[in-house]
Amino acid sequence: MKRKIEVPTYTKDIVGKIEQFDERDTIFAVHDLIRYFGEDSPASKEYFAVHPDEKKFYELQSQKLKLGSTGKEDIPFFSSQFWALHLISPNVFVDGESAPHPINLEPTRASEKIKDFAKFLGADLVGIAPLKQEWVYSHVGCSNGDHAGFYPRGTCIDLTKHANAIALGFHMDFNLMQAQPHFPELIATAKGYSSSAWVSIQLAATIRQWGFSARAHHFGNYQVLPVPIAVDCGLGELSRAGYLLTKEFGLGLRLAVVTTNMPLSHDKPVDLGVQTFCEQCQLCARSCPVGAIPCGPKQEHNGVLKWKIDEKKCYAYWAVNQTSCGMCMSTCPWTKPPTLFHKTMAEFASIKGPHQRWMAWADHFVYGRKGLKRSTTFLD
Numbered sequence: 001m002k003r004k005i006e007v008p009t010y011t012k013d014i015v016g017k018i019e020q021f022d023e024r025d026t027i028f029a030v031h032d033l034i035r036y037f038g039e040d041s042p043a044s045k046e047y048f049a050v051h052p053d054e055k056k057f058y059e060l061q062s063q064k065l066k067l068g069s070t071g072k073e074d075i076p077f078f079s080s081q082f083w084a085l086h087l088i089s090p091n092v093f094v095d096g097e098s099a100p101h102p103i104n105l106e107p108t109r110a111s112e113k114i115k116d117f118a119k120f121l122g123a124d125l126v127g128i129a130p131l132k133q134e135w136v137y138s139h140v141g142c143s144n145g146d147h148a149g150f151y152p153r154g155t156c157i158d159l160t161k162h163a164n165a166i167a168l169g170f171h172m173d174f175n176l177m178q179a180q181p182h183f184p185e186l187i188a189t190a191k192g193y194s195s196s197a198w199v200s201i202q203l204a205a206t207i208r209q210w211g212f213s214a215r216a217h218h219f220g221n222y223q224v225l226p227v228p229i230a231v232d233c234g235l236g237e238l239s240r241a242g243y244l245l246t247k248e249f250g251l252g253l254r255l256a257v258v259t260t261n262m263p264l265s266h267d268k269p270v271d272l273g274v275q276t277f278c279e280q281c282q283l284c285a286r287s288c289p290v291g292a293i294p295c296g297p298k299q300e301h302n303g304v305l306k307w308k309i310d311e312k313k314c315y316a317y318w319a320v321n322q323t324s325c326g327m328c329m330s331t332c333p334w335t336k337p338p339t340l341f342h343k344t345m346a347e348f349a350s351i352k353g354p355h356q357r358w359m360a361w362a363d364h365f366v367y368g369r370k371g372l373k374r375s376t377t378f379l380d
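Take the sequence shown: its letters are residues 1 to 380, numbered as in my numbering.
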């Protein structure tokens, strides 16, 4: 069951000061640095002068990475979705001027309207919480090559005027996820990101038309870390694999966020029993083809004890396989179709105890390392 709690489950794992993360140090930002600016550009030279040990790895992997290239005639099923996503990524779509006179709407009713409208547009999960500034990037890293319409790389980010965050979750197609680590999984990923982009920009625009400041944060233009925000908003918990784990969809979810200064009522975080389950399960770690997910206990990272994935190993496998892999997502015992049986199992799995280990073992025995085998619909 979803047990609502006063503070997120990660709170007990905070052991030091959490510093704002610089988006320029994310793996996607370094990839974009080489892709858009070039290996010998002043921007690249400046970055790798500070990170000399990273240069050879990123240059090699960036040359290899051609996501979706194994899809043959089906490549447009993936590329068309990201094309649409990038069209609505510039700042003019995610942000803008607000109406001059804010409406007078009671916070609880405003939250109800926002949640209902977001779900009407296509969001599967919606939650609202105070925006913690430690989950806001310190500087812009993904600038599309400083293309017009995006803030230049290195721009300082300031979201202190936004007190609230709205987390939006979009489930990935279960059938396509089961094709991991092959091309069809990439189509499911693209749909999750493109859907989240469309809904988040419409929701942010709605709030601005109500007279409040609001900004959408989606895959094409983030200024925040969506996973910890989603945890704060009560959508789920942080998992061993580094993704948000929800009771409804397991790890099969993509996220977007809207930040705003509109007064809203808040949801409480939840305890799904994920921390004890992940401690005992380890199926995602044992299924990872390159060992990017740790099998051991949590380690301190930026002031928090967590299971820290090795993003370089993950990224390198993407470059070899030309997909976003997804094995950790689909092999997670929580990532199952919404049948009565699996819903019942999720209820038991959320109760802390030794039976969680037995359930993880049973899932591995029944479904194996690669999860359920399902049809890939239009790709058959």
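The hints are simulated quantities; they were obtained by calculation from the structure and are not laboratory data.
Incorrect hints may appear among the rest.
[As the list claims (entries may be wrong)] Computed cross-link-like contacts, DSSO-like style, restricted to lysine-lysine with a CA-CA straight-line distance of at most 27 angstroms:
1. K45 <-> K343
2. K66 <-> K55
3. K119 <-> K132
4. K2 <-> K268
5. K352 <-> K66
6. K2 <-> K12
7. K308 <-> K2
8. K66 <-> K343
9. K4 <-> K17
10. K17 <-> K306
11. K313 <-> K55
12. K343 <-> K2
13. K312 <-> K17
14. K2 <-> K298
15. K64 <-> K45
16. K119 <-> K64
17. K55 <-> K312
18. K2 <-> K352
19. K64 <-> K191
20. K132 <-> K113
21. K298 <-> K313
22. K268 <-> K298
23. K56 <-> K313
24. K66 <-> K56
25. K45 <-> K312
26. K4 <-> K352
27. K113 <-> K268
28. K119 <-> K4
[Stated by the list, open to error] Distance windows between CB atoms, simulated:
29. E73 <-> D158: 39 to 49 angstroms
30. G38 <-> S265: 41 to 51 angstroms
31. P289 <-> Q63: 33 to 43 angstroms
Just so it is clear, the structure is predicted and the values come from calculations on it, not from any experiment.
Where is the CB? At the ideal position from N, CA and C, for every residue including glycine.
query: Does the structure keep K2 and K352 at a Cα separation of 27 angstroms or less?
result: Holds, because 12 angstroms separates the two Cα atoms, which is no more than 27 angstroms.
- request: Mind checking the alpha carbons of K64 and K45 for me, to see if they're no more than 27 angstroms apart?
  value: holds (21 angstroms)
message: For a C-alpha distance cap of 27 angstroms, please report whether K64 and K191 respect it.
response: Answer holds: K64 to K191 is near 24 angstroms, not above 27 angstroms.
message: Does K113 sit within 27 angstroms of K132, going by the straight-line distance between their CA atoms?
response: holds (23 angstroms)
- request: Just tell me: holds or violated, for the beta carbon distance of G38 and S265 against 41 to 51 angstroms?
  value: holds (48 angstroms)
message: Check whether the Cα positions of K66 and K56 lie no farther apart than 27 angstroms.
response: holds (18 angstroms)
- request: Mind checking the alpha carbons of K312 and K17 for me, to see if they're no more than 27 angstroms apart?
  value: holds (25 angstroms)
field: Restraint status (C-alpha distance of K313 to K55 at most 27 angstroms)
entry: holds (15 angstroms)
task: Assess, step by step, whether the Cα of K343 is no farther than 27 angstroms from the Cα of K2, and give holds or violated.
output: Answer holds: K343 to K2 is near 12 angstroms, not above 27 angstroms.
- prompt: Keeping to a limit of 27 angstroms between CA atoms, is the pair of K268 and K298 held or broken?
  reply: Since the Cα atoms of K268 and K298 sit roughly 24 angstroms apart, the hinted pair holds (cutoff 27 angstroms).
query: Is the Cα-Cα distance between K17 and K306 27 angstroms or less?
result: Answer holds: K17 to K306 is near 14 angstroms, not above 27 angstroms.
- prompt: Has the given pair, K119 with K64, been kept, meaning a C-alpha gap of at most 27 angstroms?
  reply: violated (38 angstroms)
When the structure is compared with the earlier hints, violations turn up for hints 1, 5, 8, 16 and 31 and for no others.
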